[in-house]
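Asker: Protein sequence lines, in the order shown, are assigned to chains Y and B.
For the record, in the first sequence the residue sitting at position 410 is 410 according to my numbering, with numbers rising by one throughout.
For the record, in the second sequence the residue sitting at position 232 is 232 according to my numbering, with numbers rising by one throughout.
If you're looking for bench data, these hints aren't it; they were derived computationally from the structure.
Hints are supplied without guarantee of correctness; some may be wrong.
Claimed, not checked - Using 20 Å as the maximum straight-line C-alpha spacing, the simulated EDC-like pairs for lysine to aspartate or glutamate come out as follows:
hint	chain 1	residue 1	chain 2	residue 2
1	Y	Lys649	Y	Glu551
2	B	Lys13	Y	Glu85
3	Y	Lys247	Y	Glu332
4	B	Lys13	Y	Glu83
5	Y	Lys534	B	Glu225
6	Y	Lys304	Y	Asp286
7	Y	Lys507	B	Asp259
8	Y	Lys507	B	Glu225
9	B	Lys38	B	Asp259
Stated by the list, open to error - Simulated restraints, written as ranges between beta carbons of each label pair:
hint	chain 1	residue 1	chain 2	residue 2	range
10	Y	Pro498	B	Gly156	57 to 67 Å
11	B	Arg19	Y	Asn105	35 to 45 Å
12	Y	Thr289	B	Ile305	24 to 34 Å
13	B	Gly156	Y	Pro642	17 to 27 Å
14	Y	Ser467	B	Ser22	35 to 45 Å
15	Y	Glu83	B	Glu273	26 to 36 Å
16	Y	Leu257	B	Ser22	52 to 62 Å
17	Y	Lys346	B	Ile305	56 to 66 Å
18	Y	Gly694	B	Arg112	53 to 63 Å
19	B	Pro31	Y	Ala56	39 to 49 Å
20	Y	Lys654	B	Val159	35 to 45 Å
21	Y	Gln259	B	Gly64	53 to 63 Å
22	B	Lys116	Y	Val661	55 to 65 Å
23	Y	Asp219	B	Pro31	50 to 60 Å
Glycine included, each C-beta is placed from N, C-alpha and C at the ideal position.
Below are the chains, spelled out letter by letter.
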Amino acid sequence: MPGLASDPDNSIVPFDPNPPTPIIYPIQINLKPPISRIHINWSRGNLLHVACLRPAGDSGEGLAGGKVVEVKLGGADDGEIGEAERRRIAYGSVPAFALLQSRRNSLMAMARMSAASFRNEWWEHVLEYSNQISDLLGRPKLPSGSVIEDPRMVLQLVEKPTSLKAAWQLLKIFYVDRLSSAWLPEHLVDWLADYDGLLSKTDTTIHSKLAGLQKKLVDLQVVEDDPEYWEGISLALAVGWLDIAVKLLRLHGSYQLDQIDSRETENGLVEAVAVLVSTMPRMRPDLPTGKLGQSYKTKSDFIKAWEKWRGHIAKLDFSTFWVQCGHHQTREGLKNLLQIMLGNIKNITNATYHWMELCISHLLYMRPFTMSLEGMHSLAQKCMQLKPNANSSGLTEVLLGILGDNTEVVLAECSRTFGPWLVTHATELLSTENDEADILLHEERYNLGGISIDELHRLVYAQVLSSHPLTWQIAPTYLASCPKQGLGLLENLLYRQPVQHFQMILKNLEICRLYELDDISSRVMKIAGMYNWKHGKKGFGVYWLQQAQDEVRLNKIAQRLFECIGKSVSDDSFKQWEGLIELLGSEVGSAGGLEFLHKYRDFKRSLQQVQDGRANDVARQTVESLIQLMKSPSTPQRFWLPLLHDSVKLLNWKDRPLLSVSETNLLMNKLQELSLAKLRPDFCDTELPPKAIGSVRLALATNLARAILEEP
Amino acid sequence: MSNPNFHQFPQSKSIDSVRFLSPISSSIPSPSRITSLKSPTPKSIVFSTLSGTLHFAFLDPVDGSFDSGPTVETSLHRGSVSSIDVVEGGGECVSVGMDGRVNLVGVGEGGRVEWKRVADSNGLVGYSSVRWGSNVEFATGGLGFGLQWWDQRRPGGAVSQLKGNWARGNMPSMVHSIDIHPSRKHICVAGGSGGTIFAWDLRWQQQPIILSGAGVSGTSQSLSESDVWEVQYDNHTLSSSVTSAPSTKILPVMMCSEDGILAVLEQDAEPIELLGEPCAINTFDIDPQNPSEVICALEWESIGILTRPRMVAY
Numbered sequence: 001m002p003g004l005a006s007d008p009d010n011s012i013v014p015f016d017p018n019p020p021t022p023i024i025y026p027i028q029i030n031l032k033p034p035i036s037r038i039h040i041n042w043s044r045g046n047l048l049h050v051a052c053l054r055p056a057g058d059s060g061e062g063l064a065g066g067k068v069v070e071v072k073l074g075g076a077d078d079g080e081i082g083e084a085e086r087r088r089i090a091y092g093s094v095p096a097f098a099l100l101q102s103r104r105n106s107l108m109a110m111a112r113m114s115a116a117s118f119r120n121e122w123w124e125h126v127l128e129y130s131n132q133i134s135d136l137l138g139r140p141k142l143p144s145g146s147v148i149e150d151p152r153m154v155l156q157l158v159e160k161p162t163s164l165k166a167a168w169q170l171l172k173i174f175y176v177d178r179l180s181s182a183w184l185p186e187h188l189v190d191w192l193a194d195y196d197g198l199l200s201k202t203d204t205t206i207h208s209k210l211a212g213l214q215k216k217l218v219d220l221q222v223v224e225d226d227p228e229y230w231e232g233i234s235l236a237l238a239v240g241w242l243d244i245a246v247k248l249l250r251l252h253g254s255y256q257l258d259q260i261d262s263r264e265t266e267n268g269l270v271e272a273v274a275v276l277v278s279t280m281p282r283m284r285p286d287l288p289t290g291k292l293g294q295s296y297k298t299k300s301d302f303i304k305a306w307e308k309w310r311g312h313i314a315k316l317d318f319s320t321f322w323v324q325c326g327h328h329q330t331r332e333g334l335k336n337l338l339q340i341m342l343g344n345i346k347n348i349t350n351a352t353y354h355w356m357e358l359c360i361s362h363l364l365y366m367r368p369f370t371m372s373l374e375g376m377h378s379l380a381q382k383c384m385q386l387k388p389n390a391n392s393s394g395l396t397e398v399l400l401g402i403l404g405d406n407t408e409v410v411l412a413e414c415s416r417t418f419g420p421w422l423v424t425h426a427t428e429l430l431s432t433e434n435d436e437a438d439i440l441l442h443e444e445r446y447n448l449g450g451i452s453i454d455e456l457h458r459l460v461y462a463q464v465l466s467s468h469p470l471t472w473q474i475a476p477t478y479l480a481s482c483p484k485q486g487l488g489l490l491e492n493l494l495y496r497q498p499v500q501h502f503q504m505i506l507k508n509l510e511i512c513r514l515y516e517l518d519d520i521s522s523r524v525m526k527i528a529g530m531y532n533w534k535h536g537k538k539g540f541g542v543y544w545l546q547q548a549q550d551e552v553r554l555n556k557i558a559q560r561l562f563e564c565i566g567k568s569v570s571d572d573s574f575k576q577w578e579g580l581i582e583l584l585g586s587e588v589g590s591a592g593g594l595e596f597l598h599k600y601r602d603f604k605r606s607l608q609q610v611q612d613g614r615a616n617d618v619a620r621q622t623v624e625s626l627i628q629l630m631k632s633p634s635t636p637q638r639f640w641l642p643l644l645h646d647s648v649k650l651l652n653w654k655d656r657p658l659l660s661v662s663e664t665n666l667l668m669n670k671l672q673e674l675s676l677a678k679l680r681p682d683f684c685d686t687e688l689p690p691k692a693i694g695s696v697r698l699a700l701a702t703n704l705a706r707a708i709l710e711e712p
Numbered sequence: 001m002s003n004p005n006f007h008q009f010p011q012s013k014s015i016d017s018v019r020f021l022s023p024i025s026s027s028i029p030s031p032s033r034i035t036s037l038k039s040p041t042p043k044s045i046v047f048s049t050l051s052g053t054l055h056f057a058f059l060d061p062v063d064g065s066f067d068s069g070p071t072v073e074t075s076l077h078r079g080s081v082s083s084i085d086v087v088e089g090g091g092e093c094v095s096v097g098m099d100g101r102v103n104l105v106g107v108g109e110g111g112r113v114e115w116k117r118v119a120d121s122n123g124l125v126g127y128s129s130v131r132w133g134s135n136v137e138f139a140t141g142g143l144g145f146g147l148q149w150w151d152q153r154r155p156g157g158a159v160s161q162l163k164g165n166w167a168r169g170n171m172p173s174m175v176h177s178i179d180i181h182p183s184r185k186h187i188c189v190a191g192g193s194g195g196t197i198f199a200w201d202l203r204w205q206q207q208p209i210i211l212s213g214a215g216v217s218g219t220s221q222s223l224s225e226s227d228v229w230e231v232q233y234d235n236h237t238l239s240s241s242v243t244s245a246p247s248t249k250i251l252p253v254m255m256c257s258e259d260g261i262l263a264v265l266e267q268d269a270e271p272i273e274l275l276g277e278p279c280a281i282n283t284f285d286i287d288p289q290n291p292s293e294v295i296c297a298l299e300w301e302s303i304g305i306l307t308r309p310r311m312v313a314y
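Throw the hints in and build the complete structure from the sequences for me.
Answerer: Here it is in structure tokens:
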């Protein structure tokens, strides 16, 4: 970006002015030293070609003079999403993106639309778009459909979700799901349930703890004696994974038939807590199957239920039954759970690992009512102080950017962690409901060369796509949505595609057709024409040049072709020209100088018929073809004499003179012209016998004499 | 548009050609991208490549996988092989290229490849597709919607040809694919640029029958405006209707196109669009054993399998 490095404070995207530690790529050359020169140049995509050369003349027996090594740069691929999967996402997002762009254009075109209804309709389109992309990034795997549920299976260890999907969902929650802003905390609870394991790669999270417990559960005989069991329940409860907490509680030994009599009170307490957990009031429209709690749509209903629920908890907390509970761990464990539900900060802090988990716990048990973005931001800051994490993940940085209402930070973090795909597709979400973000993204900027940030990101993404041989053809969709520089870059992209294989040329032409780039398509065809002509595919070369109506090149090519044809005037090998002549078609003008070939073929054909002894009218037609050929400026001079020589029989036609006086004069003039041309240095002689010109002259003179006598 | 009977399977590479085979899982290396793939018998595969090579592979009866067989590496064509076809049941393979060469390749005694050149136009004409009509006759197609009919009993070039200059204006006009029905050897059906699908009846030589596309006839409907990459007779309808139809009638044809359409066309009937995908459908194949199953390869590195409801006899 121009001007960025000099002025970090005013930059659009925050950046670290200190350059990062350079990355070292060791390469193996296996070349005998000394190495005298090294050339480095870009190859496709992020590949570098490093050529190492030994000194000239030092190449001994069997020694290579140099070697070229390919180095793949970047490799930002952290292994989470492979190259093929990235391409799958790139392909899959094209239709959704293109549909959204076309909808924007048609909405813009509707003049008589109020701002409110415009917004509403646009928002619906963006919602649909964000759902399509989100499906593309992976749908949640349904739990295995086993009929008998394993009670010890508390945490479904399904395929790990990707951070990319987590980031997209986060953006969607805050920028698109505006109808549900009242249920934002619950949305975040759900989000954390899906993606908690991604918060940190190295630090402990509730997810990693529970996954550990799940493995242990299979072998554990008396669960309630194990402190990890009680910790597991408190962790699940703290972040609102009520189903897991209840499932774990019901594994308690007091439920077993042989113990239920001796541990009746204890079991009653466990079950009471389990019931309280599963009846927790939730401020949300509904709950998916399998999730516990009671949902309330309106705030007043929710507050009523909330107070009542808290009352039940407090009542149980002060119950006298606790004294009769002989199992120490159970008593302490259950009490801790009650404190968490009552929103005791100490217990909550103990029952979470990551600051984001603490934050969610706060939202669930301490401030269960909707709060402003600002409020959430300060809460997040507080939680971070309580639980500082050494390694922050890109996801939490994105979240902080969102809470801080700082679009620039969100964009920068998306770009840094997730790359150009996410930024390009996410800008549509960011500006949906936020006018400031809309201006920030779409304002034309002087320091970006007059383009907007939105366009900049699309251009960058299109460049990434163009650099791969399998994805270049989807880059035009993105370039077409760039009002300032898109078209120029699109032309450039199409212009430099290789033309070795005709499938590639056709793809290129198809894109030209879709974007109505007639000029580029004509240039591509010219390039293809010359390439094929030079590589021996003469017919194919001529075909493309003809399609491109490139008269100049066709004329030049015609001269070259006639050199080959000149030798085969009267033999059968002319047959192999048939295909090319067919291809040229009969339309005059489209074939450049090659139209001669067509007339020549017709002349040869009727001459053949004359020699087979056909009637006078055929002979007369042949003469007309001859006159046309001789008149035509596209007939090369070197064909004049062979043509006349082939026609001697016509000139000496027995029945009557076939040529009129004026026609004979025309031919004699041509012959005269030819004799003069012979003196010029660039004249090319034919392989006809020396007396040919004499016999033609004689025939012409005879015909002239007969014609004068015939004509009145 | 999502079709509940269409299942897409993303691959991590570009798919250039698909064919139904007996249920075998096998992988054969190829030096470059494949231009044409044929399976003349359930036990053999023949394919050609962009780098100009031709490869045979045969089923190993012991471990049930395909093993690379003989290969023609050089001098078959200058540049890539455009298209190949093998006589049904396993016989000679004909190969054509834009270099204007037409070759016949066969595997002789002891697994040795033998090949001979039928024609070489020295690049004056190029061929983009080829299809056998019988054991000794085949059709080729190329630029300007031209079709040629070759008969090995009459050497020295094509024995008849369809003049190709009926295409419109300056739009490309190339034949990409030809099919010939075993019960109607006198009719070639071809698909090519500009959504064009036409038939050439050898008995009425100079007038192509346009089934779709921007040809000469104003009445013909156009399914697609882009290249038609493959055409195949659709044997989904029961064979009784094939034998009872007059010999001039063009049987139903399936096509796939650059603009993502997979459809079945029938003369004097509305075309049936089976798929409308956001990317090109490069190739397809109809399961010979169960014609309601169609496999296709999509431009965006995936293959798709479409299951059609079974046809009721009519």
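Asker: Tell me the hint numbers this structure goes against, listed in increasing order.
Answerer: Result: hints 1, 5, 9, 10, 19 break, sorted rising.
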